[in-house]
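Student: Spelled out from the first residue to the last, the chains are:
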Amino acid sequence: MTAAFTSATADKAARPSRRRTLAGWFLLPATAVLVVFFFYPLAAIVWQSFTQPSYGVGHYLALLNDGVSTTVLLRTLRTALVVSTCTLFIAYPFAYAMTKVAPRARGVLMLLVLLPFWTSVMARNYAWYLLEQRDGVIERLFSAIGFDGVVLLGTVTGVTVAMVQVMLPFMVLPLYSSMSSIDRRLLDAAVSLGASPYRALRTVYLPLSLPGVVSGCSLVFIMTLGFFVTPALLGSPQESLISQVIQTRVSSLLDFPGGGALGTVLLVVTLVLLFAVSRISRPTAGLSKVVDGA
Amino acid sequence: MPSQSLSDKRLGWGLRVWVAVVAAVLLAPTLVVIPMSFSASETFQFPPHKWSWRWYEEFFSSPKWTDSLLTSVQVGLMVAVIATVLGVAAAFGLDRTRWRARGAVRSAMMAPMIVPGIVVAIAIYGVFLRWQLNGTLLGFVLAHTVLAVPFVVTSMQTSLAGYDRTMETASASLGAGWVTTFLRVTLPQVLPGIGSGLVFAFVTSLDEVVIALFLQTPDIRTMPVQMYDSITAEIDPTIGAASSLIMVATTVVLLVPLLVRRAPRRSQRS
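Chains A and B supply the protein sequences, listed in that same order. Quick note, the first sequence lines up with residues 1 to 294 if you use the working numbering. Quick note, the second sequence lines up with residues 1 to 270 if you use the working numbering.
Because the hints were derived from the structure by calculation, they are not lab data. These numbers come from a predicted model, not from an experiment. Glycine included, C-beta positions come from ideal geometry on N, C-alpha and C. Heads up, a few of these hints could be off.
[Unchecked claim] Some chain B residues near chain A, calculated using beta-carbon distances under 7 Å:
| hint | residue |
| --- | --- |
| 1 | 97 |
| 2 | 123 |
| 3 | 209 |
| 4 | 243 |
Based on the provided sequences and hints, a complete structural model is requested.
Tutor: See the structure below:
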């Protein structure tokens with residue numbers, strides 16, 4: 001029975017079956033839709049930024065020299081860096097705890113992590129709006145411990161705080177999946193050889209969990225760069241992030257080439273980062289993990 | 001950090017407190033939105049002083065909210081069906097071809113997940129203005145389908161990864177034609193993947209704001225856009241009721257395939 005199966009499979013692998021070439025056609029509908037409604041529009045917006053109203057890199061030079069765009073881009077990059085660092089520090093011990101507890105408790109923690117992922121984007125941002133507003137819960141908490149006038153709404157800090165919460169699942173899941181493959185007996189070995197528990201964690205555990213750290217950080221960083229709703233609702237026009245500027249240009253000013261140029265910059269930064277990180281790990285794998293987990 | 005043996009299953013106190021704090025942060029928004037929806041006040045004051053059902057009544061009686069809900073559900077259902085058909089076919093295609101370009105095609109399928117939302121939004125808005133698709137149901141459906149396909153492909157790939165192809169050979173060797181084999185062997189096994197793809201596509205569309213903000217017109221807008229406006233343009237606490245309803249609905253919709261998917265796996269293992 002088994003022998004028959006094996007020979008059948010081997011036979012199938014040996015000759016390129018017609019079914020297999022046929023299967024290629026299955027890719028056609030999705031590819032066609034993506035080409036027409038995704039890749040073509042993207043190409044068009046990039047093309048416009050170089051050709052309208054005249055050919056050249058005029059829009060890009062304007063971005064360099066208008067004194068605002070570079071500031072906005074740097075502010076966006078800085079925010080993304082702060083968000084990914086904070087998320088890492090919050091998520092690391094949490095993911096570590098997830099690998100240690102019993103399966104049932106792990107299930108509960110996993111459910112908690114996926115909760116923000118399930119909660120609608122608008123509901124989450126509305127919640128943070130309520131918490132961060134003037135006379136809101138956060139301001140009152142701070143004034144209770146002696147700091148008056150801490151209103152996060154309308155500041156980059158407010159945006160950062162909300163983004164960290166939203167991004168936690170995207171950090172915890174890659175960390176957890178990387179940590180759960182670490183053999184914990186290595187730590188015992190390190191301790192038995194005279195290392196303190198802290199040293200064992202730092203010199204054995206931390207390096208082994210590094211792939212998860214890289215994949216989580218890059219995923220969070222890249223996603224934060226392109227966030228629109230949170231900065232638009234919780235931030236301020238005076239300290240806007242790149243996506244707000246793009247929206248204003250296109251939506252209010254109908255400046256497609258100019259907004260497109262800024263969009264192209266954001267796109268290129270994202271792709272370069274992805275490419276750089278893909279040498280070490282695959283951030284999209286982290287994203288798939290979140291989808292699988294949910 | 002733990003102080004006893006490192007392979008110990010128990011958590012140190014520091015770690016326990018940390019986990020509790022993170023859990024609170026993760027739960028906070030949900031805990032804010034639901035009580036807020038029962039407020040009696042006309043403002044966004046939180047916590048509310050008086051309670052009422054008035055925002056739920058407002059949600060179900062005001063045409064701007066009911067219309068937007070209807071639009072969102074219509075768009076979501078169409079996206080779920082179209083994206084699932086496209087995504088399932090594509091996942092099968094990716095699974096069964098051995099082209100050299102396969103990796104590139106797969107990356108291309110995943111691209112809508114990676115490209116920043118705002119860039120996709122202005123790009124689609126640009127061409128949809130020319131094609132007169134903005135402010136139409138079809139426009140919303142097409143734009144959201146593009147975003148939903150990668151989710152369907154991903155959930156199908158998980159399903160196909162655990163799928164044993166020799167079953168098909170066995171079925172064929174027992175005399176079944178490929179239609180029978182597909183319907184009675186392949187389909188039942190990948191059904192959970194199709195189901196969760198369907199749900200993901202629906203939720204992706206239901207939750208999408210950025211593109212919908214660009215494609216909206218005064219005549220047609222989705223519910224997240226209406227919610228966005230109720231914070232930025234008007235102070236309308238109906239958003240609390242809308243948020244709570246959508247949160248409950250998504251949780252239910254997402255929990256169902258989770259339970260369906262868990263059940264057969266468990267029986268296989270035992």
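Student: Please name the hints from earlier in the document that this structure breaks, with their numbers sorted from lowest to highest.
Tutor: No hint contradicted; all consistent.
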